[in-house]
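Quick mapping for you: the protein sequence lines, in order, are chains A and B.
Per the numbering used here, residue 1 is the first one in the first sequence, and the count goes up by one each step.
Per the numbering used here, residue 1 is the first one in the second sequence, and the count goes up by one each step.
Think of the hints as simulated: they come from the structure by calculation, not from any bench.
From the three backbone atoms N, C-alpha and C, an ideal C-beta is built for every residue, glycine too.
Among these hints, one or two may not hold up.
Said to hold, decoys possible - Pair ranges (Cβ atoms, derived):
1. B:Arg316 <-> A:Glu351: 46 to 52 Å
2. A:Asp228 <-> B:Ala287: 49 to 55 Å
3. B:Ala457 <-> A:Asp354: 54 to 60 Å
4. B:Asp21 <-> A:Gln408: 41 to 47 Å
Stated by the list, open to error - Far from chain A by the CB rule (all over 10 Å, computed), these chain B residues:
5. Ala9
6. Arg153
7. Ala312
8. Arg357
Stated by the list, open to error - Chain B regions said to be covered by chain A (calculated; three or more residues, Cβ under 8 Å):
9. 279–288
10. 403–411
Residues per chain are reported as follows:
There are 2 protein chains.
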Amino acid sequence: MELLIDRIAERVGHDRVLTGDAVRERATSLWNSAPNPAAAILLPRSTAEVSEMLWLCHEARQTVITQGGLTGVVAGADPLGTDVALSMEKMNRIVEVDPVDAVAVVEAGAVLQTVQETVEDQGLYFPLDLGARGSCTIGGNVATNAGGVNVFRYGMMRSLVLGLEAVLADGTVISSMNRMLKNNAGYDLKQLFIGTEGTLGVVTRVVVRLFRKSSSRQDALVAMDSFDAVVDFLALLQTGLGGNLSAFEIMWGDYYRAVTGDDGHRSPLARDYPYYVVVEAEGGESATDDERFEAVLGDALQKELIVDAIIAQSAREAGDIWKVREDFEAVLEPAPCYLYDVSLPIRHMEEYVDDVRRRMLGLWPDAALYTLGHVADGNLHFFLRPNLPGDLHGPADRCVYEPLARYQGSVSAEHGIGLEKRNWLSQCRSDAEIELMRRMKASLDPQNLLNPGRVVA
Amino acid sequence: MELLIDRIAERVGHDRVLTGDAVRERATSLWNSAPNPAAAILLPRSTAEVSEMLWLCHEARQTVITQGGLTGVVAGADPLGTDVALSMEKMNRIVEVDPVDAVAVVEAGAVLQTVQETVEDQGLYFPLDLGARGSCTIGGNVATNAGGVNVFRYGMMRSLVLGLEAVLADGTVISSMNRMLKNNAGYDLKQLFIGTEGTLGVVTRVVVRLFRKSSSRQDALVAMDSFDAVVDFLALLQTGLGGNLSAFEIMWGDYYRAVTGDDGHRSPLARDYPYYVVVEAEGGESATDDERFEAVLGDALQKELIVDAIIAQSAREAGDIWKVREDFEAVLEPAPCYLYDVSLPIRHMEEYVDDVRRRMLGLWPDAALYTLGHVADGNLHFFLRPNLPGDLHGPADRCVYEPLARYQGSVSAEHGIGLEKRNWLSQCRSDAEIELMRRMKASLDPQNLLNPGRVVA
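Same shape as in the complex, but just chain A (with noise of 0.2 Å):
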């Protein structure tokens, strides 16, 4: 192992190598404090730097773990004291952001709001946004194949990819920095990189796909007495608004009420209904998309699918309601509180999360669920709180993994498996699955040296 970094360090720079204490004296990721184990970290500032970094690494069979912001849930890039980290950081520029063409081109290593500052500087849109967006990279959000809260109208990372360059676990690198929307040149090979978690080659660099920015915006808060409700309510946001509609955030009103209690969020609407939803419509003129937007409100007002509404009058208003989305830290507390991601058909959400609920309650009678989540796309998010001390991670996984099966739900919508979500990936996808995402792994990476043990083991 000494020998590998010494000669990394050799042939590609002795500033590309951290090892000992520059090593330890960093976390292992932003969840997991615990000094970074690995035996060194690469900084690459070129893929052809990274290139040669991994052919010396399956040279020698080294095990290599790739770091982007560090902002993943589900362990993904936590490596073990037997791994080299390679960190994108240092490969982090914005290289071209083309107004014509609507798209930028980036470094892996670049940070998500960075790109979006950036591309909106010159009347351009990003729309991939997510609560890590102050650290997370472009890279990880093509490996994790990020979603955020406006999936249903931009899609998830996949579809705001245009090109990429990767490199194998050889040291090939592979180029395809496509710019167009249409290209059906042969095997859209950009798909083996993103949303595999890093498994099938790193990330280096990425063509994204931009939107003109939007003149007008719209935000709303609304309460509902009845999941039906909520679920005709959709439909008609988005029949009314046409191609307006770009979020449409629900919160259980247990959610709500830890949120806005007497320590939080300030609450513009009472705190006692099941349901809320914040909506946001984003368009081409404001006088007549706000009037458009106040009017679909009013009838679904008039046809009792809400029950209260209040739409927010200015960009600090706006961000008030999403701060009470966004903004979790009450219900964290008191520790343990557990994060999950799932996804299943919005029809059997509401008698999912009563499930899960009934299945955690009959194991601690005064645990805490709180329920929120993008309801469009499908994707729920729970804190799942035993309000018990010690480790009970095992338990409050069965809660509620196990009746996801029923309703053909996904253990993960938008966080990934990496290494947390391992053991339930069966829950989910078949045997036949599961042994051909290993076919893939084994043709692409056959000495398992990239991300080992992620996703599939």
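Add chain B to chain A, keeping to what the hints say.
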């Protein structure tokens, strides 16, 4: 071979196998009226039957060509006499339409237009649309990652497939019938079968994503003086119409004049402009959407981006505008006329088309080039007519493809590679990329039995 066919007939059913004249009386494809030369045509009625047929062929090392609607233009489904054809025509059921989750489950042989119309009856909308809608099948749409006119708003077929079921060369059934927009539980295996032209597996069933039917629609035909104006007009529409813009179809003046000639379509605008564009928007409410559409076109006129425009006042007028774009019989005679489908960055389009025309006229001074395309997604189509008899496909290909590499263009935007474009694949994909495609093929179909020779040889 005969033994194998007998064995399939015995095990799966004699009515599942056509041989001899029953094969010969069918055309090879829509574009090739020669009698179908396949040794047999298999007609499975279920995924289990596909699996059994492929397993038997696999045991016998028999090559299999999968057939859908036979509308593809790159000879991707044309069998040889040594091949067995597997036609999906009997698996054409629409199994389920779910308005709550906005998905439909369909068998691979279902015809696109049937799917469009069936879901429309329930207030839903399946946005994939292309000229061959009346005969092309969903399975073929998946295998070729079909594009069409709504791509920049709704994406290609890849974005509209939530889940699918496919059978591998050895008969293994991979069932990934996911129904959610978000599902990151392991590798997204469906990507292996989308756009890989049947070379990695046979698609049997598909879950497609649906949208709510729009309440309003606006169509216009617009004329411009320069390509720069086309680009700026597109940006103006994208900003001004918010999410409602759904089509932006360009026609070069040569094409427009050819199809609106003496025996052609009525021309609602003067016929001497260099560029024409069909614009379509779909939204939530007629009155305000109509008003906005007119306002944005008015703005474009005032800014001198467009020089003339007509807005359709009825569905019939909209239909007349679209006929100019879609009904191109007039450019095909006298034969030969070669059809192309390329994509490239928008910023290079004008220069590239001029380059192709110059090369063509250098070879054939009386030749004609008719250009149209989707622009917003980088896709151009050519009809290239040498106006000389004989097989001039080779030199015509060189006129179109040779200048493309300079612009990072693609030799296939939406038609695929099939047999016809195989020799041009290396024009836009690197050796490393093609080698990786071969590696995928070898991993999933090691005996090279499924659609052999397509895409990668």
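Hint check results:
no., hint, result
1, B:Arg316 <-> A:Glu351: 46 to 52 Å, "48 Å, holds"
2, A:Asp228 <-> B:Ala287: 49 to 55 Å, "30 Å, violated"
3, B:Ala457 <-> A:Asp354: 54 to 60 Å, "56 Å, holds"
4, B:Asp21 <-> A:Gln408: 41 to 47 Å, "45 Å, holds"
5, Ala9, "27 Å, holds"
6, Arg153, "7 Å, violated"
7, Ala312, "18 Å, holds"
8, Arg357, "21 Å, holds"
9, 279–288, "holds (count 5)"
10, 403–411, "holds (count 4)"
Going through the hint list in order, the structure does not satisfy hints 2 and 6.
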